[in-house]
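Enquirer: Single-letter residue listing:
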Amino acid sequence: MENVIKDQKELRMEVRESHLCTGCGACVNLCPYQIYYRDQVIEWHPCDIKSGRCYAYCPRTPVNLDVLKAELFEESLLTPEIGAIKGFYVTRAADISIRKGAQHGGTVTALMSLALQERIIDTAIVADKGQGLLSQGVSLNKAADLKNRGKSRFIVSPNIAEFNRQAQVGGKKIGIVVTPCQSLSLAKMRTKPVPTHAERIDQLTLVIGLFCGWALSWEMLSLLLGREGIDVKDIEGMDIPPSKYQLLQVYTMNGTVDIPLDKVDPACVREACRYCTDMTAEFTDISVGSARLPEGWEVAKGWNQVIVRTELGEKLIDLARSKGILEFHDIPEGNLERLKNASISKKRTALERISASRAAVRET
Amino acid sequence: MSKLLEKKIGTSHLLMGNEAIVRGALEAGVNVAAGYPGTPSSEIVESLSKIAKKMGLYVEWSVNEKVSLEVAAAASFANLRALCPMKQNGVNVASDFLLHLALSGIRGGLVLVSCDDPGALSSVNEGESRHFARLLEIPLLEPGNFQEAKDMTKWAFELSEEIKSVVMLRSVTRMSHASGSVMFGPLPETGRKAYFKSDGFILDLETGPVISAPVGYRHPIQQGKIKKVREIFEESPFNTYEGPEISDLLIITSSACTLYSREAIHLLCLADRVGLLKLGTTWPLPPKLLKKYLATTDKILIVEEVLPFLEEHVKVIAAEEAKEIGAKTFYGKNDGTIPMNGELNPDIVVKALSHIMGVPNEPMAPEYEKKAQLVAFTMAPNREQTFCPGCPHRASFWNIHKALQLDNRQGFVCGDIGCYSMAAIPAGFSTIRTLHSMGSGLGVASGFGKLDMFGMNQPVLAVCGDSTFFHAVLPPLVNAIHHQANVTLVVLDNSGTAMTGFQPHPGLNVDAMGDKAPNLDIAEICRVMGANVEIRDPFNLEATQSTLNQLMTESGVKVLILRQVCALSPEKKGKKKFKMQIDKEKCIGTDCGCNRFCTRILRCPGLVWDKDEKKAWIDEVICAGCGICSDVCPSGAIIREEVV
Chain A
456 MENVIKDQKE LRMEVRESHL CTGCGACVNL CPYQIYYRDQ VIEWHPCDIK
506 SGRCYAYCPR TPVNLDVLKA ELFEESLLTP EIGAIKGFYV TRAADISIRK
556 GAQHGGTVTA LMSLALQERI IDTAIVADKG QGLLSQGVSL NKAADLKNRG
606 KSRFIVSPNI AEFNRQAQVG GKKIGIVVTP CQSLSLAKMR TKPVPTHAER
656 IDQLTLVIGL FCGWALSWEM LSLLLGREGI DVKDIEGMDI PPSKYQLLQV
706 YTMNGTVDIP LDKVDPACVR EACRYCTDMT AEFTDISVGS ARLPEGWEVA
756 KGWNQVIVRT ELGEKLIDLA RSKGILEFHD IPEGNLERLK NASISKKRTA
806 LERISASRAA VRET
Chain B
64 MSKLLEKKIG TSHLLMGNEA IVRGALEAGV NVAAGYPGTP SSEIVESLSK
114 IAKKMGLYVE WSVNEKVSLE VAAAASFANL RALCPMKQNG VNVASDFLLH
164 LALSGIRGGL VLVSCDDPGA LSSVNEGESR HFARLLEIPL LEPGNFQEAK
214 DMTKWAFELS EEIKSVVMLR SVTRMSHASG SVMFGPLPET GRKAYFKSDG
264 FILDLETGPV ISAPVGYRHP IQQGKIKKVR EIFEESPFNT YEGPEISDLL
314 IITSSACTLY SREAIHLLCL ADRVGLLKLG TTWPLPPKLL KKYLATTDKI
364 LIVEEVLPFL EEHVKVIAAE EAKEIGAKTF YGKNDGTIPM NGELNPDIVV
414 KALSHIMGVP NEPMAPEYEK KAQLVAFTMA PNREQTFCPG CPHRASFWNI
464 HKALQLDNRQ GFVCGDIGCY SMAAIPAGFS TIRTLHSMGS GLGVASGFGK
514 LDMFGMNQPV LAVCGDSTFF HAVLPPLVNA IHHQANVTLV VLDNSGTAMT
564 GFQPHPGLNV DAMGDKAPNL DIAEICRVMG ANVEIRDPFN LEATQSTLNQ
614 LMTESGVKVL ILRQVCALSP EKKGKKKFKM QIDKEKCIGT DCGCNRFCTR
664 ILRCPGLVWD KDEKKAWIDE VICAGCGICS DVCPSGAIIR EEVV
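Protein sequences, first through last, are from chains A and B.
Taking my numbering, the leading residue of the first sequence gets 456, the next gets one more, and so forth.
Taking my numbering, the leading residue of the second sequence gets 64, the next gets one more, and so forth.
Worth flagging that the hints you see were computed from the coordinates, not collected in a lab.
Remember, predicted model here, so these are calculated numbers, not experimental data.
Some hints here could point you the wrong way.
Derived pair list, reagent style DSBU-like, types lysine-lysine, alpha-carbon separation capped at 35 Å [claimed, not checked]:
hint, chain 1, residue 1, chain 2, residue 2
1, B, K677, A, K628
2, A, K464, B, K678
3, B, K640, B, K677
Can you build the whole structure from these sequences, using the hints too?
Expert: Given below as structure tokens:
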């Protein structure tokens with residue numbers, strides 16, 4: 456299948472107006488025409504270039520995923536469920552202060568810090584707290600600045616927009632923390648589908664992915680929190696414990712507020728996420744998510760499960776082990792299988808929704 | 064010394080139609096002039112204001128046309144002579160007072176000059192003031208050349224005083240703005256003293272109060288005046304006939320159309336077959352005069368602009384006299400010979416005349432027209448109306464458009480009349496979505512701002528200029544605040560009535576005669592009225608846009624004043640704040656990543672696309688050095704350097 460690169464208007468019709476925009480930021484900061492504002496991509500002015508990078512890099516425009524994976528990973532490592540697996544670990548940051556400022560085990564912060572310290576990268580792009588619950592990508596050059604940025608707000612941070620901004624400057628070695636959709640957009644950039652400024656992607660050195668079930672719509676979540684009487688300013692963190700709890704926990708300055716998950720899903724879930732087939736961020740060097748341990752959630756939430764996909768990923772993990780940056784937990788039996796099953800379940804649900812919506816479109 | 068003050072009688076001068084009107088008023092001994100700027104009328108008050116002190120006149124730019132007519136009327140009530148010029152839609156604004164003024168009558172000569180704009184060359188309508196004369200029952204005069212513009216104005220004062228009624232003198236763009244030779248008459252010493260006598264009997268027109276009631280008493284008097292005027296008009300030297308005694312076709316016309324008709328007759332060599340009856344007194348029409356000329360022909364062509372005003376009234380007379388003069392064939396608007404809208408020109412009249420008379424008219428070979436069109440389409444640069452280089456409105460609408468896009472709730476702008484009306488087209492990023500009369504942007508927005516109960520959640524913006532703010536925005540502002548409409552008013556404050564030539568307005572500390580005047584602060588007015596007010600410089604793109612986005616999320620009436628002096632203002636003209644340059648290394652031109660963002664989207668005439676080099680360049684001759692393109696360029700290729 457040949458991928459036709461279309462224009463801004465087609466991008467709008469095929470992606471944004473079809474509610475498939477993930478908010479990844481890939482179409483932003485390439486040009487002045489697209490702007491990221493309050494959880495949405497805004498088309499400021501029309502651009503009449505026929506084949507745009509905006510269209511080419513969007514994770515929701517057509518691409519053959521198998522071809523893309525074969526191009527970017529060792530074929531022998533590929534699994535149909537969760538992409539390439541070079542290693543699978545349960546880890547946490549050895550530094551307790553890193554863990555405190557992180558969502559779970561602090562593995563991502565520890566690895567990014569290590570990559571900066573070892574000069575594997577010179578720029579780390581991570582999510583930064585913006586106004587309200589909104590996040591934005593920020594570029595950091597010092598490991599110390601990475602601390603306390605690991606808490607999830609479940610709103611997508613358009614980190615690729617920040618990558619595009621940094622890549623314009625040139626001559627960098629960039630590491631970035633991404634969601635699955637963002638990992639796909641970077642993978643598409645790596646295939647250089649449009650010659651203009653194609654070399655910028657060569658600055659991308661390290662990609663660390665986050666496991667992702669879905670992201671929430673900023674607007675809908677803000678409304679929900681308002682209804683629950685939570686002031687956004689008081690929020691210190693949020694989490695969704697394993698599925699048996701069916702809860703969104705909001706940690707505030709005045710204690711934890713439990714919101715039943717059925718108020719969140721599907722009402723507040725970003726529409727585009729309902730059609731996403733990737734749970735483990737398959738186009739990364741390393742992907743990290745929450746752990747499941749026999750000790751139960753209270754212990755498990757202090758750890759991460761880690762999939763290593765590339766040589767660079769392996770090198771970084773080995774370095775972290777030898778330097779004592781990460782602590783390693785025994786991998787409970789069946790954890791990889793459970794992860795694969797969860798991933799397959801997300802793929803199946805998304806594909807069912809895609810075919811159902813296609814059928815609905817055909818009927819109308 | 065202004066040639067308008069020339070004392071030598073019988074000298075001829077080249078005068079613009081509006082200047083001829085001014086000279087006529089001076090020869091009539093005018094004392095007071097008040098108006099509101101509006102093309103094509105502005106030069107009248109403008110010229111008078113410059114000579115006011117020398118001639119002992121009082122001249123003002125009033126806040127709007129209704130007030131200007133009230134100010135002029137007061138002078139008349141005090142037995143002075145007063146002139147009140149305005150553009151066509153100004154008569155609409157003044158019409159409420161005018162209706163009552165026609166009924167109450169006047170004392171000193173009072174002439175309302177309306178300069179109409181058929182074809183809407185500098186208007187957003189082609190409304191006609193002629194119909195007001197009939198509707199409100201006042202005499203109407205229309206000069207057919209520049210000499211008449213002067214002579215008729217002078218006579219209008221005399222007529223006004225004779226019948227004690229306001230007289231309307233109507234010009235059109237081509238009469239007001241074209242120039243011709245005018246022979247001067249004497250300039251009188253007026254020496255009139257202002258005194259308002261009102262202690263007489265209530266029904267006494269000379270000494271009693273000036274009121275429109277009792278209507279049952281006053282209306283017949285007013286109609287009696289019109290009857291008297293009709294008799295006077297029968298003998299008026301401003302109604303002229305040229306042509307054969309018995310004609311194959313009679314053209315009846317007035318105003319600038321006289322010139323077009325005369326030219327058409329000449330071009331088709333029909334002077335011995337076609338008669339030209341030019342009317343200067345067009346309401347009420349003199350029936351005996353018309354009967355006399357209608358009797359000399361069987362076919363009549365009426366040449367006039369826009370609606371069939373003359374045509375219908377001539378037809379009434381023809382019908383009334385049909386028994387004696389016989390049935391006539393009429394050509395004009397109703398049969399489609401002459402278009403019902405737009406401006407006329409000699410070509411249109413030639414076409415009509417050639418059709419009726421069966422005289423072939425081929426001034427150019429048909430291929431010529433085709434060739435000319437081809438050349439125009441392929442070789443002429445594609446230029447549309449746009450804001451001047453350095454115009455604050457371009458920056459303002461850049462910000463407004465961006466704020467609306469970011470807000471993403473399909474918000475829109477309600478606009479009114481000013482240079483900023485161009486924001487309805489790509490020059491202003493097509494941001495204005497409703498466009499009507501002065502002040503109606505906020506009035507309409509005030510209505511939109513109450514529709515949330517019907518599910519409307521689009522943010523509503525209104526724009527107005529600083530002069531417009533005083534002219535007609537205050538009442539809708541009161542309305543919007545009182546009714547808690549959700550509206551953001553953006554006042555585009557460029558420090559003057561810029562579009563018509565920087566006439567002062569109440570927001571400035573100077574008046575029409577150049578004297579110091581207390582200025583009214585728009586921000587303070589809005590604040591005390593209860594609006595949330597912010598002031599920004601539109602050239603500060605980021606701050607303006609983010610303020611707007613914030614205001615749009617708030618409820619009630621918010622006012623954002625965007626303050627930046629017009630690029631053409633006398634204080635700014637020629638002075639550049641920044642010297643602009645393009646870094647050709649950095650300019651990425653047509654590539655993905657820019658796609659000529661500056662020249663294709665910002666579209667400042669000072670920033671030009673070099674087709675050969677495929678780079679932007681600054682046209683230093685017209686660049687006003689505002690510097691905003693530097694903020695707009697995504698590559699930092701437009702460099703600004705402060706001029707010291």
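Enquirer: Is the Cα-Cα distance between B:K677 and A:K628 35 Å or less?
Expert: Since the Cα atoms of B:K677 and A:K628 sit roughly 32 Å apart, the hinted pair holds (cutoff 35 Å).
Enquirer: Decide if the proposed pair is consistent with the structure: B:K640 and B:K677, CA atoms, cutoff 35 Å inclusive.
Expert: 27 Å, holds
Enquirer: Take the C-alpha atoms of A:K464 and B:K678, compute the straight-line distance between them, and say whether it is at most 35 Å.
Expert: 25 Å, holds
In summary, this structure violates none of the numbered hints.
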